[in-house]
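Q: Got chain V; can you put chain D on it based on the hints?
Take a look at the letters that make up each chain.
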Amino acid sequence: MPEGTEHRRVTLTVNSQTYEVDIEPRRTLADVLRDQCGLTGTHLGCEQGVCGACTVLIDGSPARSCLLFAAGFENREITTVEGREHDPVLAKVQQVIIEEDALQCGFCTPGFVVLLTGLIHMDWKGDESDLAAAMSSNICRCTGYQGLMRAARRLLEPTADSTSDQV
Amino acid sequence: MSDSLIGTQHEVVGGPDRYVTGAGCYIADLASVIGEATLFVVRSDVSHGRLVNVGLDEVRRAPGVIAAFSASDVRADLGSVPVIEPRISVSPVIIPFLQPVIAVDRVRYVGEPVALIVAVDRYFAEDAATLVELEIEPLDSVVDSREASGSIQLFDLDNEVARIESSFGDAAAVFQTADVVETLTITVGRHSGVPMETRGLVAEPGPEGSLTIYGASKVVHANQKALAGMLGLSTESIRMREVDVGGAFGIRGEFYPEDFLVPWAAKMLNRTVSWVEDRREHLLSANQSRDQIHVASIAADERGRLLAISTEFWIDSGAYIRTVGLRVADLTLGEIPGPYRFESYSGVAHCVVSNRTPTGTYRSPGRFESSFVRERMVDRVAARLEIPGDEIRRRNLIRVSDMPYRSGIRSAGKEVVLDSGDYVSLFERVHGRTKALADELQHVTSRDESEKVGYATGCFIEKSGLGPFEDAIIEVRDDGTVDVLTGASYLGQGLQKALSNVVSKALGIPVDSVHIVRVDTDRIDVGIGTYASRSLVMSGSAVHLACQELLRVALELAAEEFEVGTEDLIYDCGRISTRGAPDFAMSLGELSQRRSKQSPMGEGLTARARFDKESVTYGFGSHGAVVVTNARTGIVHVKHLVLGYDAGALIDEGVVVGQLQGGALQALGGALFERFSYDNVGNPLATTFMDYLLPTASEAPSMEVVLASSMPLDNPLKARGVGEAGIPAVAAAIASAVESSLACGATLHSTPIMPEAVWELANT
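Line by line, the protein sequences are chains V and D. If you're matching positions, the first sequence starts at 1 in our numbering and goes up one per residue. If you're matching positions, the second sequence starts at 1001 in our numbering and goes up one per residue.
Hints may contain errors.
As the list claims (entries may be wrong) - As a list, the in silico SDA-like pairs of lysine to any residue whose alpha-carbon atoms are at most 25 Å apart:
| # | chain 1 | residue 1 | chain 2 | residue 2 |
| --- | --- | --- | --- | --- |
| 1 | D | 1497 | V | 123 |
| 2 | D | 1497 | V | 150 |
| 3 | D | 1718 | D | 1506 |
Worth flagging that the hints you see were computed from the coordinates, not collected in a lab. A quick note: this is a predicted structure, and the numbers were derived from the prediction, not measured.
So that you can see chain V by itself, here it is in the shape it has in the complex (with noise of 0.2 Å):
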């Protein structure tokens, strides 16, 4: 870091794992994690808070980490996509995701991986329409989704579709 530029020292919790991190105020959590952490499971798509690519969840829920400050992130739980041994609802989603062969270049998979497992530690409700707008949070440019909604579906189990015949 250049000299007389602000720094602060962090400390994250992410997969029940301790960082202590000396960074700026600016850095995002997902240079943070990616960089600092050496977790670049982490991808960074967009860096706009559309694609999803980068996330992440925070105390359990899914969030998008190019658009967060690490240094706010202190005294939280957060897990990533490499945080298996911590979370094993992250290592089922991650099974069931090969099992329904729900990638192709894999680079918006961990965002998916951690969304699903977000939306299982959330107890999501809701039928297939809803299941598809959920996941409409991420974007894959590879597999036009029907892996990922195969996936989606035996992981969240949608209600029977009240709206899927309203067209």
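A: Relative to the frame of chain V, chain D by itself:
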């Protein structure tokens, strides 16, 4: 550095399953590990202007900045500022329109590189970028491709780079006498691949001026040669290595300005330099595509027999002609007549430059455009004669008895020969399925009365397996597993899986004993690359031949070892045994160990083969769409797509299905949502994902795949490439389905099909 880099967790090993745990190794991950010098490209924010001054003094003094450069530094180092040469479709007329690697005295699009800042990281580089003293004297901009021959010029030459023609028969005469002639102006909007991973590179200087570049893809060996030429280095002194790729779609991997600038900066500073663009930069500077305006005509007789088709079109190439030259215009011209028995055809392409981002090939180049134009015109005939569109298609498709079908048309420099496949039967299957899905939807009672169901099916010819050649190397490891190297790039398209299947079948070893190795020019010294749906056919066939060669060599070695003739040996599942003496047996791994002890350089059992072919592997396909149109809002919801393609022999059905579905959703994006729009002075308006709309799960229809499998004879796998076959007729089918839902004629004439156009159709 290389060893430490690749020896870490960031090594590219293992199959795609590791992506689910975040263990992929994309270029930004390497850049993050290195984290010492980041390059930032300062770009023009003016679409057309004289570049008067690029002042970098303050930038160089800014915190965290290591160096800053402009065109004058490149010139001082190399004597001139290099331009990026075309890789294909080379023609003398395009030479004046090639892009310099950094703007010299003129900027021609928003996003064009004007300066470089190398800093400790991107935050400080972006801070410093605000200190650049950039003086650009604005010029009027060219934004309308049909008015490109006006007074404003980009290069002090006419903006029309080339006029290309293609024809067969006497179309003019047919148009004069035909019963029915329809004419329509059709616009195919500007959209592109937009992979989820932006572009990036890491360049690492080595001993004696050598360089290792990470992040190359698509045409790795061509880029190695191009870079060497520009830097005045030997090809061998540049090593290119692929890492994981987050989607490519034809646009990633071409030689861009940054493919020169990043290695050049690394060489100047003699330190490792990384560069990863952000999304805004990507939307400003990576190749865009399509963007054509056609004035098309079609002639038919009163019974619906198609006689002639013609188009004169303007293709907006953007500010420079990039690496694919005039290829998209050429492909469009070659695909207009498609799968129908037209007696004559006439096509004229005007390739023009404008003050927009330069363009290139995006997945299914020329086919998305030509299929939209052709199928729209076929629907015009159907509407005019009041014959259903499917009936017109049925009557005019090329039949098995017409094959080999040669109209005389050429595409990408080669005659189009349609030699296999039952077009009518595949069309019937796709159309039948599409109709059934639409009928199911019609019977749903709870629909809002303003929501109307419609369906339609379009047809196309798809090309794949473009030559000229590809090599494959198989190396047997001591444990009997094999490394496989080809010139192909692994872009997430499932090619590793398909090639593993080819090897597994040819050698009788398990799929997980096959290691498909990413391109590394130190390990395979020639290659053509991955585009034009060529890699399964070309690399797959080369791998198949290399396996055969490997077995031949293995049998010879074993014959020597056991002192028997090769005819006395049996090969089965990675093991060679002698007939009648089962104890005399060796595995491929043992043979390889034996071989490496004997050979002077220690190399084990290995084989290399080349597959070359002149022909293009053509295939027929048909796409059906079922839509629900809201007549009150003009919003179109595509409920089902039926994707029919004659893929030939199926090497891996899962991969085929995934490619068709993934392509189809991209085509749906181009049909309804995606558009690089510009204002009237050339300012780009789609620079975020809030403006450039990609389809999400909510827009994704259910997608059924219908496969035919007539066998092409020009490759030993009897396969057709499928990477682009999900795209061509999707937009055409959606347009037609929307019209069918509103029970009106064929008048939609532009992609993306916007709600306001649909609303107008529904309410006039």
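Q: Taking the hints in turn, state whether each one holds.
A: We went through each hint and held it up to the structure:
The straight-line distance between the Cα atoms of residue 1497(D) and residue 123(V) is roughly 36 Å, outside the 25 Å bound, and the hint therefore fails. About 21 Å separates the Cα atoms of residue 1497(D) and residue 150(V), which keeps this hinted pair within 25 Å; it holds. Restraint check: the Cα-Cα separation between residue 1718(D) and residue 1506(D) comes to about 14 Å, which is no more than 25 Å; the hinted pair holds.
When each numbered hint is compared with the structure, a violation occurs for hint 1 only.
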